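K.L.:
This is what each chain is made of:
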Amino acid sequence: MKPSTKSYSRFSVQPQDLDAIVSAAMHCGGDYCDLYFEDTAYWTLMLRDGEVGSCGHHIDYGCGVRVLSGDKTGYAYSESTDRASLLAAARRAATIADGSSAPAREILPPGGETGHSAPANGKILPLGGEPGHSAPANGEILPPGGETGHSAPANPYRAFGLDAPRPYSMRGSLLDASCTDLAAWLVRLDSRIRSKDTRVSKVIANLSWSLSEILMYNSFGQACTDSRPLVSISINAVFVSEGKVQNGGASRSLRQGTEFITEALLEELACETVRGIDERFAARRPKGGVMSVVMGAGASGILLHEAMGHSFEADHCRKGQSIFEGRIGQRICRSGINIVDDGTLPSYRGSCAYDDELVPSQKTYMVEDGVLTSYLHDRISARFYGVDSTGNGRRESFRYNPIPRMRSTYMESGQDGTCEDLIAEVGSGLYVDEFSNGQVKIGEGDFTFYVKSGFLIENGRLTMPVKDINIIGNGPEALASIRAVASDLVIDKGTWTCGKGQNVPVSCGIPSVIVDGLTVGGE
Amino acid sequence: MISQEELQLARFALSECLAAGAQGARVSLDKTLMSTVAVRDGATDRVSDCLDRAITFALFVDGRYGVYSTNKLGREDLSAFIADSVAMTRLLSPDPLRCLPESWRCCKDATLGNELGLCDPAFEQSPIPSAAQMSASLPETTDCRLLSFESEYSKSENDLVVLDSQGLFCRHTETAFEYYAEATVEDADGSKYNSYWWDSSTVADRLNIEKVNRTALERSVMQMHPQSPDGGKYTMVIELEAAARLLSPVLAALGGYNLQQGNSFLAGSEGKRIFCPGLNVVDEPFRRGEAGSRLFCSDGTAVQDGPIIENGCVRKYFLNDYIARKMKLSPTMEEAVRPHILPLCPEGKNAPSDCASMLELCGDGILVTGFNGGNSNPATGDFSFGVEGFRFEAGRIAYPVRGMLITGNLIDLWNSLYAAGTDVRPSMSKLIPTLAFSNVEFNA
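So the protein lines, in turn, are chains W and R. Heads up: take any position in the first sequence, counting from 1, add 709, and you land on this note's numbering. Heads up: take any position in the second sequence, counting from 1, add 1174, and you land on this note's numbering.
Treat the hints with caution; some may be incorrect.
Claimed, not checked - Lysine to aspartate or glutamate pairs mimicking DMTMM-like chemistry, simulated, CA-CA at most 25 Å apart:
hint : chain 1 : residue 1 : chain 2 : residue 2
1    : R       : Lys1246   : W       : Glu1143
2    : W       : Lys1209   : R       : Glu1360
3    : W       : Lys715    : R       : Glu1415
4    : W       : Lys1209   : R       : Glu1415
What the hints contain is simulated information worked out from the structure, not anything from laboratory work. Everything numeric in this text was worked out from a predicted model, so none of it was measured.
With the hints as constraints, model all of the structure from the sequences given.
P.N.:
Written out as structure tokens, the structure is:
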């Protein structure tokens, strides 16, 4: 969305200030610069022991200034958005282009600038064009003085159209959310959970809602705003039976307004929290070994995210670290398999209208019909590979520079029947419907996932419930070992957060699949 | 680092909390300055420079409680934010157990910030190393190709002041210098191996950049040509840098949050011998000049040293004031600060002083150098972790292993502790030496 006067005033800046800041950031050179203003308000309510006895409200405000020089990054931020503070941050970020390795900290005189002000006319020419206009038709942006002089100039940084639709709505304003109503909803949720299972001894529920107001500006003279809502609820319940203790839980997170909070959601969450608890009390560790595993639809998609998705992130690839580096165009799994990273799914946690470097979000096919077709790019990696950014440049907040990150990552439905069909086909093996704590080694591709719940498969049927075991494998080998894909894709709506030095909200999903040859840890 | 003007701002915030209707309040002002330089393949890749300031309020209003924070620190903004926060707190259920800690429990010895000697006086002047220095001492690789070498140096200064409406004033100031290097190599078959190493200190001149570079590369190369030994029971030696993964869930199970929820496999364990008699874990929060040492908890109460586990007996739960009131127990402190596992030597032997001597002591088994995924169940203590490391035979490393898991129960595991070395790393928050456990179940 094009910024309004209100957008600028929120951050106490004027459009002409932005040009001056970009100018200061690029006074040593550099190929590209962007500014990322953020004003996030975050609220929490916590239910414990049947009462909502704790709340929170947090504000995070500031602006990050980034300068790119080839594939190198200079970054600084300020929690004050007055002109002097932003100019000081810009000059610190600028050091990436002047050959010095250390940012020189300046001490600002009270209320004043240091003297490195913008050019006299206060306007900064976007590289290769007039301010306020998009990049030249050929898309090539030259640094001041001519050629780029960098080793990988195949695709310089470029401007993108700013007409992306917002994949989220906010019918009920989060700013006007009634804490009293929300607290009452949480208390009803607690009662509903307890009414469904007398073994519930404790319930903790955390409800949070946030609204991030974003203003972005770049050295092409482009500006846009985004208003990003996010509402999340997570529940953990402790069950006690005959002296034994087990945990159950549920979570939901969507980019919506207060319409997220409904009686229907309350009932769904209560059912999900108690679901499968009998099996957990009965569950045992199975005998370990190498076996076929049926991944249940939905939350099992975390395996796709961890074991494959991270290896598709192009920063790992351009540095030669990823096991998938150099494999674009190669078959990496059976035909018919499509793996997608999508930032456009309405209301999903991983969705965004624009990424955090002013590139419209999109649906990106990483694997099409079994062939690796694209990595996930930010501006730096896109330039390196000579392709367009896929809109995956994301950041946790204005305190971080953007890097390639996933959004909603999933495998499309296949044509191999239902989950039950896959279980019958496997004959003997393991069915898993809930994972946690996955980890992957990007270079080697080795992954490990903790199974929270699942079942043994014997004679084509689910039999003994299992828990507290690990599955280990290798990403590319596991992908190549997918034998069947059901037609039941579910994209999970849980509170998934991806950590890669900085946290971002993501979504993940998968249809039921059979993966052969995974190692299952057990007794 | 926190200026007098900023200190006045914190005091202003505290008075505004009371003026807005809070009967009690705690205000924390946190300020951090950090500069970072990252180098990739010999050239500067990223520089960043940042200053963070935020105020956090804990408000006690009409028997109700809330926690708020903001980094909009103009006085007008603060006043409006505090008024809204007090109003929001009033919407909650009352909780009579929420109140400021009793004054006698609060820290009175942390008024300057640097009582524990955690600040490098040369912080401002200490230079950030050049790209050449950050790429130094990489040995030639003969049977593999170095694909990528990245390193990152950061220096930071943190200053924290905590005030409350009962007159509390605590300050903690700490400098940190950290260096991290990561290497990716490729063997002749095109297989990639990646590893890293790091160092950190409160003082700049204690960092050994060349050693970190060399170690990161060596650890990558050492992983080449892994094998998968048969599953079964092995002696497990665990490097001190990785061992915290096994102690952390034990400390969490001794934490009030899990105990109060009845979600701890160590519920009812206080005063009982749960672990092997040779296990001694002592909290040492006051070690001078070592990162992570501190004098007070986040609520301003004084931290305590002393045993956590003594000769296998549980000696301490971690209970802050609120949880202690809920559980009708005496408060201790909210968490362990610097837990130290004391040396344990098998009868007739000396405690090993490093990993090599631990391997020699144990003879045969698997050396775990890192974890890859996995988890433990807080209610039962059952665990399953992916591990990476090396098979060792006759006291020497034989080959790297891959695709292995350890499974078991944490109580059983710590009862199988065979030896604990003397080789803690003072720059780590948990002072855990190289450990050896007998009969650990490995799956492959």
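K.L.:
Each hint needs a verdict: does it hold in this structure or not?
P.N.:
Against the structure, the hints come out as follows:
no.: 1; hint: R/Lys1246 with W/Glu1143; verdict: violated (41 Å)
no.: 2; hint: W/Lys1209 with R/Glu1360; verdict: holds (23 Å)
no.: 3; hint: W/Lys715 with R/Glu1415; verdict: violated (51 Å)
no.: 4; hint: W/Lys1209 with R/Glu1415; verdict: holds (20 Å)
Violated hints, listed in ascending order, are 1 and 3; each of the other numbered hints is respected by the structure.
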